[in-house]
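First residue of the sequence shown: 79, per this note's numbering; consecutive thereafter.
Careful, some of the hints might be misleading.
DSSO-like mimics (lysine-lysine), calculated; alpha carbons at most 30 Å apart, straight line [claimed, not checked]:
| hint | residue 1 | residue 2 |
| --- | --- | --- |
| 1 | Lys751 | Lys564 |
| 2 | Lys619 | Lys491 |
| 3 | Lys646 | Lys612 |
| 4 | Lys764 | Lys491 |
| 5 | Lys760 | Lys562 |
| 6 | Lys491 | Lys694 |
Hints listed in this document are in silico derivations from the structure and should not be mistaken for laboratory results.
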Amino acid sequence: SDHMENIYGYLMKYTNLVTGWQYRFFVLNNDAGLLEYFVNEQSRHLKPRGTLQLAGAVISPSDEDSHTFTVNAASGEQYKLRATDAKERQHWVSRLQICTQHHTEAIGKNNPPLKSRSFSLASQGSANSPGVQRRPSQNAVSFFNVGHHRLPTGKRVPIMQPDHLVDVREMMSQAEGQQRDLIRSIECLPASGHLTSLDQDLLMLKATSMATMNCLNDCFHILQLQHASQQKGSLPAGTTISWLEPKISLANHFKNGAAQNFPAEINKPASVREEQSIAEPCQLTREPEEINSDEELEDICDDKEDDLGAVEEQRSVILHLLSQLKLGMDLTRVVLPTFILEKRSLLEMYADFMSHPDLFVAITSGSSPEERMIRFVEYYLTSFHEGRKGAIAKKPYNPIIGETFHCSWRMPKSDVAADAGANASAHSPSEQATLPKDPEGQAEPDYYTVKFVAEQVSHHPPVSGFYAECVERKMCVNAHVWTKSKFLGMSIGVTMVGEGVLHLLEHGEEYTFSLPCAYARSILTVPWVELGGKVNINCAKTGYSASINFHTKPFYGGKLHRVTGEVKQNMTNTVVCRVQGEWNSVLEFTYSNGETKYVDLTKLSVTRKRVRPLEKQGPFESRRLWQHVTESLRDGDIDKATEHKRALEERQRNEERLRAETETPWCTKYFLKDGDGWVYHKPLWKTVSAAQTQQTDSN
Numbered sequence: 079s080d081h082m083e084n085i086y087g088y089l090m091k092y093t094n095l096v097t098g099w100q101y102r103f104f105v106l107n108n109d110a111g112l113l114e115y116f117v118n119e120q121s122r123h124l125k126p127r128g129t130l131q132l133a134g135a136v137i138s139p140s141d142e143d144s145h146t147f148t149v150n151a152a153s154g155e156q157y158k159l160r161a162t163d164a165k166e167r168q169h170w171v172s173r174l175q176i177c178t179q180h181h182t183e184a185i186g187k188n189n190p191p192l193k194s195r196s197f198s199l200a201s202q203g204s205a206n207s208p209g210v211q212r213r214p215s216q217n218a219v220s221f222f223n224v225g226h227h228r229l230p231t232g233k234r235v236p237i238m239q240p241d242h243l244v245d246v247r248e249m250m251s252q253a254e255g256q257q258r259d260l261i262r263s264i265e266c267l268p269a270s271g272h273l274t275s276l277d278q279d280l281l282m283l284k285a286t287s288m289a290t291m292n293c294l295n296d297c298f299h300i301l302q303l304q305h306a307s308q309q310k311g312s313l314p315a316g317t318t319i320s321w322l323e324p325k326i327s328l329a330n331h332f333k334n335g336a337a338q339n340f341p342a343e344i345n346k347p348a349s350v351r352e353e354q355s356i357a358e359p360c361q362l363t364r365e366p367e368e369i370n371s372d373e374e375l376e377d378i379c380d381d382k383e384d385d386l387g388a389v390e391e392q393r394s395v396i397l398h399l400l401s402q403l404k405l406g407m408d409l410t411r412v413v414l415p416t417f418i419l420e421k422r423s424l425l426e427m428y429a430d431f432m433s434h435p436d437l438f439v440a441i442t443s444g445s446s447p448e449e450r451m452i453r454f455v456e457y458y459l460t461s462f463h464e465g466r467k468g469a470i471a472k473k474p475y476n477p478i479i480g481e482t483f484h485c486s487w488r489m490p491k492s493d494v495a496a497d498a499g500a501n502a503s504a505h506s507p508s509e510q511a512t513l514p515k516d517p518e519g520q521a522e523p524d525y526y527t528v529k530f531v532a533e534q535v536s537h538h539p540p541v542s543g544f545y546a547e548c549v550e551r552k553m554c555v556n557a558h559v560w561t562k563s564k565f566l567g568m569s570i571g572v573t574m575v576g577e578g579v580l581h582l583l584e585h586g587e588e589y590t591f592s593l594p595c596a597y598a599r600s601i602l603t604v605p606w607v608e609l610g611g612k613v614n615i616n617c618a619k620t621g622y623s624a625s626i627n628f629h630t631k632p633f634y635g636g637k638l639h640r641v642t643g644e645v646k647q648n649m650t651n652t653v654v655c656r657v658q659g660e661w662n663s664v665l666e667f668t669y670s671n672g673e674t675k676y677v678d679l680t681k682l683s684v685t686r687k688r689v690r691p692l693e694k695q696g697p698f699e700s701r702r703l704w705q706h707v708t709e710s711l712r713d714g715d716i717d718k719a720t721e722h723k724r725a726l727e728e729r730q731r732n733e734e735r736l737r738a739e740t741e742t743p744w745c746t747k748y749f750l751k752d753g754d755g756w757v758y759h760k761p762l763w764k765t766v767s768a769a770q771t772q773q774t775d776s777n
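Using the sequences provided together with the hints, build the complete structure.
Next up, the structure:
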């Protein structure tokens, strides 16, 4: 054929989650029926880095985009490739398909049909070979129990209704299991003898079975999308339909483009099936929910991460992972081993930075702009110690998009007043904030309440928004953080990109701040956490600012966890406070009047957060969402924890794919996009402003 030409050129090849996509020089050898690739064109005269036999292969353009395609060889090996554009992809796909068809037909002509051949299995392979125990006269068809299922006589195939999709998925799951068993049985055959794993007919069987299952899955996905669009367009809002597993409100289901993943295989635990299903028996909604703090109970969970056993036992896994990483590699999309996980979500970790709420609410009691800035710096530096759970560096769960975390803290007003006076030993006494009177004349509570909410607003890039407020003190903080992690050799660095703003409404002041970088050091021995980098705190209205340096330990000598900083008045460039010490131990504050104060973080009182019980939490709240992973980690069952974690991640990928296919944007629940950042939908500064406007109008 005129089209049987040798072609060559650069394509991108996907290696794995760690390495990602890499440019490679590919050559299609039509005469030999081979697809070869080299590091670059200059190394073409050398031995190929990889070679695929195209006889019996399946060439599949991907539905991910218009540039990607896969080559599934009969051996089971797969190349995932990406061209520069759709035209180039079509050129490669068509030439590969022509070459594949030519060499596949040649094999068929040169070999008798599978059913007419018999294979002697006597004494072939090792004692562990599955073929040794078979009868010598068995052929490949009977050996692998390949056959066809027939319907009973007289029975007609029922018309496929939407509610039968569950049964179809279960049958396909069983077929996929049988196909995996078939592939495994072929690959376990000996490499030599009458029936080997390289037998041409068996290689063809592997390729066709794989292609068949891929085709069936694609067809099922099309049926699912068609059913979704038909129901979306034809049923009235609020109609409840059966969608694979749970029953959910149609209006709520499509409101956020939430995708329903296929049900789990029938032999999986119920908890895994629950995680793989986007909806639970409750009604899902993306409308903001008002959390009643009276339903929250003091948290009794205390998961310290000081257990080194799992890290010691899994060192070979860490070594294997490190062997695939390169310096500076972005780890955002790398799936890390489950045993290095903390028993909490990243959203809850942000909440744990608020474990000294008494210091937080005391900021606004400062009698001057200088004192309020110094109090904020004191609170800021004391927040990181409790944010870490134990001395071992472990990673919190990556939040699922749409995941939320709610909690609150209560502290007696007398304690806050006492702390305010103690913290201001070098300053004038603190002024108490004026609190609004109860409109119904009821007695005001004798405690302050700080409420906290966090939400994962984006998956790629991974961005979290969090917000905390104390209504009685007329203060709130809003922040968004994008976590970017990189491999640095024997450590991992995490950059916290984003910004936070503290609002002191009583004084009309806003304090902008950033967060330091975090490092997991000595990941092959005893991993530990280190903070590093320079952060700034600024108040434009008062002209006060703070510069804080988190120092990383030098290679030789030096102290761990060292931090230094200073607070100054920008107009006069006068330093009013200096700070030094360790962010997880003792901090020393020296004020402009010469007085010094020491804060021992290890002895600082911690206020336990209040969280709703699991049974009252929504399906996307962190603790309920990750409960099975957390329970498995507490039990030390890493395999089970990995299974639950994988189910959640797979569900998220399916949801994201369906939203892309249906062009349905993701809608956040509590945070709104504001320029490059995210802002809580009902911040205190809007509520107070509206109340003041209403009061002015009434007067």
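These are the hints, each one checked on the structure:
For the hint pairing Lys751 with Lys564, the CA-to-CA distance comes to about 26 Å; that is within 30 Å, so the pair holds. Of the pairs offered as hints, the one joining Lys619 and Lys491 holds, with about 29 Å between alpha carbons and a cut-off of 30 Å not exceeded. Between Lys646 and Lys612 the CA atoms are separated by roughly 16 Å; this keeps the pair inside 30 Å, and the hint holds. A threshold of 30 Å between alpha carbons decides the hint, and for Lys764 with Lys491 the separation of about 25 Å falls inside it, so the pair holds.
Distance hint between Lys760 and Lys562 is fulfilled; the C-alpha atoms sit about 28 Å from each other, no more than 30 Å. Distance hint between Lys491 and Lys694 is fulfilled; the C-alpha atoms sit about 29 Å from each other, no more than 30 Å.
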